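Residue strings, one per chain:
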Amino acid sequence: MTKRIALYWHNGRSLGHTVRSFALGQAMLTYIPESTVVGITGASRYYELLPAGMDVLKIPSFMGYDAEGAVRNESILAVTKKEFQTMRENLIASFIRDFRPHALVVDYNPQGKGGELVPALVNSPATKKVLGLRGILGSFAETNAEFFSPRMVAFIQEQFSAIHVYTDPRVFCLEDYYKTPPAINAMLHYTGYITRPTVATKEEARTLLHIDADARIIVANFGGGQGTEMIWQSTLQALSNLRKQYDVAYLAAGPYLEADAYERIHEQVAAHPEWKWVRLLNPLQAWMKASDLFIGAGGYNTLAEIITTGANSLIVPRQLSEQEQLMHAQRLTEMKVLRIISLDTILHEDVTTVIEQCLKEPYPDATGETLATDGAYQHARLVEALL
Amino acid sequence: MLDSSKRCCNISRKAGSIMRNALTLTGFGKNIQLTRRTRFLLYCHDTFGLGHIRRTLSLAASFTSLLPNAEVLIVTGSPLAHAFTLPSHVDYIKLPTVIKMGNGTYRALHLDMDFATIRDVRATMLRDIAAAYMPDVFLVDHAPQGLKGEVLPTLALLRDSNPTCLRVLGLRDIVDERAIIRQTWIREGIYNTLEQNYDLILVYGSRHLYDIGQEYALPPTVEQRIRYCGYLDRVTDAHPGNTSDSFPQRVASVRSSLTLGTEPLIVLTVGGGGDGFPLMHTYLSGLQQLPSNPFTSVLVTGPLMDEQEQRDLHAFAEVFPQGKVRVERFLPDPLPLLGAADLVVTMAGYNTVCELLALQQRMLLVPRTVPRQEQLVRASLLAQHGLAHMLHPDQLTPQRLLDSVTYALTQPHPQAWQLGGMDITFQGQRIATEAILDRLTTLHHRQRMMENNRVIAQIS
Numbered sequence: 021m022t023k024r025i026a027l028y029w030h031n032g033r034s035l036g037h038t039v040r041s042f043a044l045g046q047a048m049l050t051y052i053p054e055s056t057v058v059g060i061t062g063a064s065r066y067y068e069l070l071p072a073g074m075d076v077l078k079i080p081s082f083m084g085y086d087a088e089g090a091v092r093n094e095s096i097l098a099v100t101k102k103e104f105q106t107m108r109e110n111l112i113a114s115f116i117r118d119f120r121p122h123a124l125v126v127d128y129n130p131q132g133k134g135g136e137l138v139p140a141l142v143n144s145p146a147t148k149k150v151l152g153l154r155g156i157l158g159s160f161a162e163t164n165a166e167f168f169s170p171r172m173v174a175f176i177q178e179q180f181s182a183i184h185v186y187t188d189p190r191v192f193c194l195e196d197y198y199k200t201p202p203a204i205n206a207m208l209h210y211t212g213y214i215t216r217p218t219v220a221t222k223e224e225a226r227t228l229l230h231i232d233a234d235a236r237i238i239v240a241n242f243g244g245g246q247g248t249e250m251i252w253q254s255t256l257q258a259l260s261n262l263r264k265q266y267d268v269a270y271l272a273a274g275p276y277l278e279a280d281a282y283e284r285i286h287e288q289v290a291a292h293p294e295w296k297w298v299r300l301l302n303p304l305q306a307w308m309k310a311s312d313l314f315i316g317a318g319g320y321n322t323l324a325e326i327i328t329t330g331a332n333s334l335i336v337p338r339q340l341s342e343q344e345q346l347m348h349a350q351r352l353t354e355m356k357v358l359r360i361i362s363l364d365t366i367l368h369e370d371v372t373t374v375i376e377q378c379l380k381e382p383y384p385d386a387t388g389e390t391l392a393t394d395g396a397y398q399h400a401r402l403v404e405a406l407l
Numbered sequence: 062m063l064d065s066s067k068r069c070c071n072i073s074r075k076a077g078s079i080m081r082n083a084l085t086l087t088g089f090g091k092n093i094q095l096t097r098r099t100r101f102l103l104y105c106h107d108t109f110g111l112g113h114i115r116r117t118l119s120l121a122a123s124f125t126s127l128l129p130n131a132e133v134l135i136v137t138g139s140p141l142a143h144a145f146t147l148p149s150h151v152d153y154i155k156l157p158t159v160i161k162m163g164n165g166t167y168r169a170l171h172l173d174m175d176f177a178t179i180r181d182v183r184a185t186m187l188r189d190i191a192a193a194y195m196p197d198v199f200l201v202d203h204a205p206q207g208l209k210g211e212v213l214p215t216l217a218l219l220r221d222s223n224p225t226c227l228r229v230l231g232l233r234d235i236v237d238e239r240a241i242i243r244q245t246w247i248r249e250g251i252y253n254t255l256e257q258n259y260d261l262i263l264v265y266g267s268r269h270l271y272d273i274g275q276e277y278a279l280p281p282t283v284e285q286r287i288r289y290c291g292y293l294d295r296v297t298d299a300h301p302g303n304t305s306d307s308f309p310q311r312v313a314s315v316r317s318s319l320t321l322g323t324e325p326l327i328v329l330t331v332g333g334g335g336d337g338f339p340l341m342h343t344y345l346s347g348l349q350q351l352p353s354n355p356f357t358s359v360l361v362t363g364p365l366m367d368e369q370e371q372r373d374l375h376a377f378a379e380v381f382p383q384g385k386v387r388v389e390r391f392l393p394d395p396l397p398l399l400g401a402a403d404l405v406v407t408m409a410g411y412n413t414v415c416e417l418l419a420l421q422q423r424m425l426l427v428p429r430t431v432p433r434q435e436q437l438v439r440a441s442l443l444a445q446h447g448l449a450h451m452l453h454p455d456q457l458t459p460q461r462l463l464d465s466v467t468y469a470l471t472q473p474h475p476q477a478w479q480l481g482g483m484d485i486t487f488q489g490q491r492i493a494t495e496a497i498l499d500r501l502t503t504l505h506h507r508q509r510m511m512e513n514n515r516v517i518a519q520i521s
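Chains W and Y supply the protein sequences, listed in that same order.
Start counting the first sequence at 21; every next residue gets the next number (my numbering).
Start counting the second sequence at 62; every next residue gets the next number (my numbering).
Extracted from the complex, chain W is given alone in its bound form (with noise of 0.2 Å):
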């Protein structure tokens, strides 16, 4: 019989929740025999990475982008907020009441941006549904209070079956750290982080991306790219100072670096053949493997990739509203999986010294040694068993 599996996330500002909801929906793909997954979301980028044979319904849109590529923090459409919300709410109502999936797994937020998803979780009794937490919520407060609240908490134990947490508990215990109640804390299942899969060694990244195999390479990517100029004109100092260290640079910026930014530095770059500047590398967990030094931002995606390319990393948390990157980030680096630099370092100082000690005593590539990070297929078993 076929399994009917819809995946919900509503659009934020970053990839983020639709690089990892992609992950999912392949995994599930491929590890549930018959099974038929629909994405549901506002999202309206980075559709290239949509596994074949995953459908997407995708709702009016929180965020836009204008025509130059970055980032609006409004609806695209002059509607009312009760409108947008009434359009949005209907449209996954009518959907999931007549697709009648055995399974709706919802990312992060258990009653979708601003209860959209209500209607849906509570009038479609016979779905299983899972709720699904990348670990790493928030700061102590903010996240009980959002999350845990007794309000939150009896609605999470009578809509879902479970929780799955996309991390392995050796980096971050959801329980020790939050406020969670019993009864939520007999509903976690950690999986493991959820990472796209890459080739195995070095060699084979290079191989692939046709890279040499003697050359020194720095890869650096900075997430989505929105807001990150000033990181970029710092890191392209500190990498002007090590010329001779290195012998070529792929720096991507992101589909969201603003477009009069991204010529900026395209003029700048020019006048140095060592540096590759582009809009994406694709796919990053491969010239993350290839290279050997990687900085970058510090979003789950991006840390998970890291822990399962054992990428000899320089992470700028840069998330400035939340604390999420910068607790996983520095829980990470207390580990050794990385280096950190902060923000205001890179935006105020010289980093040449941080990159140059980066690049001459790597962290050892331990690959898979200790943390999970199969976290798509355990999810993938998990939702399986339910069903």
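I should point out that these hints are in silico values taken from the structure, not numbers from a laboratory.
You may find that some hints are simply not true.
Distance condition first, Cα-Cα at most 20 Å in a straight line; then the derived SDA-like pairs of lysine to any residue [to be verified]:
hint, chain 1, residue 1, chain 2, residue 2
1, W, K148, W, S181
2, Y, K385, Y, P355
3, W, K102, Y, R188
4, W, K23, Y, R168
5, W, K23, Y, T178
6, W, K23, Y, A169
7, W, K102, Y, A193
8, W, K23, Y, Q257
9, W, K102, Y, R100
10, W, K133, Y, A193
11, W, K23, Y, H171
12, W, K101, Y, A193
13, Y, K385, Y, D455
14, W, K102, Y, A169
15, Y, K209, W, E68
16, W, K101, Y, R168
Here the structure is a predicted model, which is why all the values come from computation and not from measurement.
Chain Y: place on chain W using the hints.
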């Protein structure tokens, strides 16, 4: 005929007058201003290829750029909507994808739902969107009833609960062969749908080339709602860099990057590419049989071509000397390459033909004939008027294709006087916008009179 800037001024003036109409009513002390943006809801069912979504996005860009304070919500089934840059003030909803099979039937692409169920799901969602969004204009692309009737509940809803919404049908120059259309439209009740549900029918083509009213036997009451817009401008519209000043440089840059000598450049393009493999493979087979390598060839497969077929074409290309045959998957702006070619070999899809006619480019058309004959009709008409060369797909062999290529290369490009003689113009988006605005102005005027009467009645 008005030049572009005058047309723009006229459009802006009319749009401004709609707003002034609303403000007039505040004189009565009643809050009945049009304070929100003009909302366009565009429906594009898209079950095969890229043509419908490209056309829809192009029109959306025109509405929001020419009309102050307009926004567009597109509802589409296209799995490739994300691949295009969205114009400002345009968002989209993607419904679960349905694809058209070779025999003209439909099925859900990925979901485990029978067709009737998924059609009903999509119909309900579309109706719910219209109910929540309350558009001022509802523009249906191509299929008057939507995919197997999925737009009918929305049309009924708008008629009953949003009667001031302008309901518009947009048709490309040719929908299908006339006898097929006449039979199908009688059988499916489409004449009734047109009569009862549409205020305006936009045709993105030339009446001189193909008179839809006559060919499809539209009753006079429907025929009088038709507005021929001319072909869509696919050249300046496709890329802001394609101005008359810069385009020759972009074309020259393409030729230079291909390191062409004196040999002709042949470009093959097959739209989305879902059924383009046989044409490309036949071309390479023909090329292989030639004793020398007389051409440089670029094949653009389209993103919908099967991956194995794409791999096969890449492998086949390697048989030829380096640089002689290149295979590209997708070009966001193919215009400079099309402009650089000495001959373009293609199927006869609407968008590509628009582009080639606008560029006055030589074209050899090998039209698709199933499940619709629209491309065959288009290719035959253009060939008949000396604007294109055609090879019927039943005659597609490596030898014949290469003979046709060689012959077409000796023939002149389409000339401006030939296009003018057929009244083939390329301002479709602008004229469509103007036509919608004309009707909106009338509707708002009618609404204003009704409101005036109501307010006066209250005062007295």
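Proposed proximity, Y:R188 with W:K102 (alpha carbon, max 20 Å): holds, 18 Å
Straight-line alpha-carbon gap W:K102 to Y:A169, limit 20 Å: Outside the cut-off at roughly 32 Å; violated.
Hinted pair Y:K209 and W:E68, Cα distance within 20 Å: Violated - the C-alpha atoms of W:E68 and Y:K209 are around 29 Å apart, more than 20 Å.
Pair hint outcome, W:K148 versus W:S181 [Cα-Cα no greater than 20 Å]: Given pair W:K148, W:S181 holds - Cα atoms ~6 Å apart, limit 20 Å.
Hint consistency between W:K101 and Y:R168 [alpha-carbon to alpha-carbon, up to 20 Å]: violated, 36 Å
Given hint Y:A193 paired with W:K101 - CA-CA distance at most 20 Å: Judged against 20 Å, a Cα distance of about 12 Å means the pair holds.
Restraint check for W:K102 with Y:A193, where alpha carbons must lie at most 20 Å apart: holds, 10 Å
Holds or violated: W:K23 to Y:Q257, with C-alpha atoms at most 20 Å apart: violated, 42 Å
Satisfaction of hint between Y:T178 and W:K23, Cα-Cα up to 20 Å: At roughly 17 Å apart (the allowed maximum being 20 Å), Y:T178 and W:K23 satisfy the hint.
Restraint status (C-alpha distance of W:K23 to Y:A169 at most 20 Å): holds, 16 Å
Hint consistency between Y:K385 and Y:D455 [alpha-carbon to alpha-carbon, up to 20 Å]: violated, 28 Å
Pair hint outcome, W:K23 versus Y:R168 [Cα-Cα no greater than 20 Å]: Judged against 20 Å, a Cα distance of about 18 Å means the pair holds.
The structure fails to meet hints 8, 13, 14, 15, 16 from the earlier list, while all remaining hints are met.
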